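Engineer: This is what each chain is made of:
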Amino acid sequence: MGTIIKTEELSIAFGGHLAVNNVSVEIKRNTFTSVIGPNGAGKTTFFNLLSGQLSPTSGRVIYKEEDITKQSVIERTRNGIGRSFQITNVFPNITVLENVRLAVQSRERVRFDLFRHFKNYKQFEEEAMSLLKMVLLEEKAEIPAATLSHGEKRKLEIAMLLALNTEVLLLDEPTAGMSLEEVPAILNVIENIKDQGDRTVVLIEHKMDMVLNLSDRMMVLFNGELLAEGTPEEIMNNETVQTAYIGGDPNVTTATT
Amino acid sequence: MIMQKLHKSTWIYFAIVFVLILLPFFKDDRWFLFLMIQIFVFAIFAMSYDLLLGYTGIVSFGHAMFFGIGAYSVAVTMNRMESTFPSFLLGVLVAVFASGIVAFLAGILTLKLKSHYYAMLTLALAGMFLYIAERWRSVTGGNDGFTFRIPELPGALQDHRNLVIYLFTLFMMVILFFGMKRLTESPLGRVLVGIRENDQRVESLGFRIMPYKVLISIISGVVAALAGVLYAISLRFVNTQVFDIEVTLDALLMTIIGGVGTLIGPIIGSAIINLSHHFLSDLANVHWIFQRWVILFGVIFILAMIFFPNGIVGTIKQKVEQRRMKRRILEVEKQEELDEGKKHA
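Line by line, the protein sequences give chains Z and G.
Here the first sequence is numbered in the working numbering, starting from -5 and rising by one per residue.
Here the second sequence is numbered in the working numbering, starting from 4 and rising by one per residue.
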């Protein structure tokens, strides 16, 4: 099991505030890693650095032994890093199905075809539909994405990410806003991603218990710093994590790092 | 079901085209033909604008420059050379290439930036073209413009020249409408809509958005130039008015009133604006206020915005869709009730 993504002393500052501070971490191929931490810990910013939405103030991002720090979002997506967004980021005025279909179309690299009718690509639509079924959204396929509830938009995000079929999937709080009955089904979908071959999943969650059973590895961010990294057991038994997470006292981190 | 629906709307389009073909044979009045030709020409122009505004979300304040480039290209070619069909074709080619190059440059220079830069640059470029047209009198005739001859038609057709131009403009409008409709329904067209909706998200799906924006800028510019060509041909005259900001604003109004992102909307918008312009100006004899048709137009525009916020076609589409959704929801509820009943039994 080699490393697929590695960050080296990754930092980003907004003004004087270090949102991600000196994070060096290795994510192994074909594993399920959770990034946990309280609100404002820098989890999403860390994701933005991995997916290319932001470029770091210092440090590097290595993907498959290649420095991709300077690569754009598009290049990273094409090279196999896909992501979903915490603040849902869908195409509001087109149908749910069309949202997913666009993602399938991108993966199939149908980019500049302007002579065929898009309905001729039946297989795209069928695949989009089956993905919607997987995330329990098939009944909403024909309505504009803007009318979905918050939780439903999350499901749509997951379907779009699955449609891209990238090697690395970055999921930013995929289950937030969903009803409690739906969460297990969605987590199940996410868990199954890894069975579809060589897939690496990185998932942000701020509720630790939710992902304990799923994760191979966990990393804890706190105030932009990597507080701990390891197996779920190691994290659970890590005193610093416990204090920081439950107590939420920032002094603890400065004392221990 | 979708196939059937497409089928039906296509039949409606054909019926309308059929009526439009027959129309001049019943009302062969010069002014009427001229008015209809204007409607067709501006419909083409407004549709090209809709490709940018409605389908890709790009705002242009200088779309008149493509119109003007088309009009001048063909007028100058025909004026300088003998007025034959080959020189007409040459004029069209010049129009296509000149507008294509200008649209490409405008796109390359600004579309990487936020969208209002495209609006500002096109506004500036259109102003520049207007200035050139006014100053380069030896070629353009300046403000006064110039008349030119169009190729003679063979035999008896020459006596019905206006009718031929009417049918030709109608033909072009229909061809370009279906061509652009097809474009918007192609995989490429769907990406354009994605860009309009959320361009960053399109990027994170792995599409590079620049080429799309530049390409649609070129297509839209070339179609607008073709509208300019037809405009010049129908008048057999051209002056600097074709570069006027008012031409751009007309396209904007037609698109918005008819319905942004619908293609058929701009055609309806063109009909409404040209007809109301025509009839309101006619009423000037009755009362002076009708001479200031722009005032009335402002009122109509405000009313349209209140009652048809998505344009005429957009609002109708929305209503139809809402009704369909309601029916869907009722069906689902009914089904659920049935399922419930079964469970209890």
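Because the hints were derived from the structure by calculation, they are not lab data.
From a predicted model like this one, the values you see are computed outputs, not experimental measurements.
Certain hints may be false.
[Claimed, not checked] Reference excerpt, derived from the structure (chain Z facing chain G, CB under 8 Å, subset only):
no. : residue
1   : 67
2   : 100
3   : 107
Positions of the beta carbon are idealized from the N, C-alpha and C atoms, including for glycine.
Engineer: Confirm or reject each hint.
Structural biologist: A quick look at each hint next to the structure:
no., hint, verdict
1, 67, "5 Å, holds"
2, 100, "4 Å, holds"
3, 107, "5 Å, holds"
Figure legend: structure checked against the earlier numbered hints; every hint is met.
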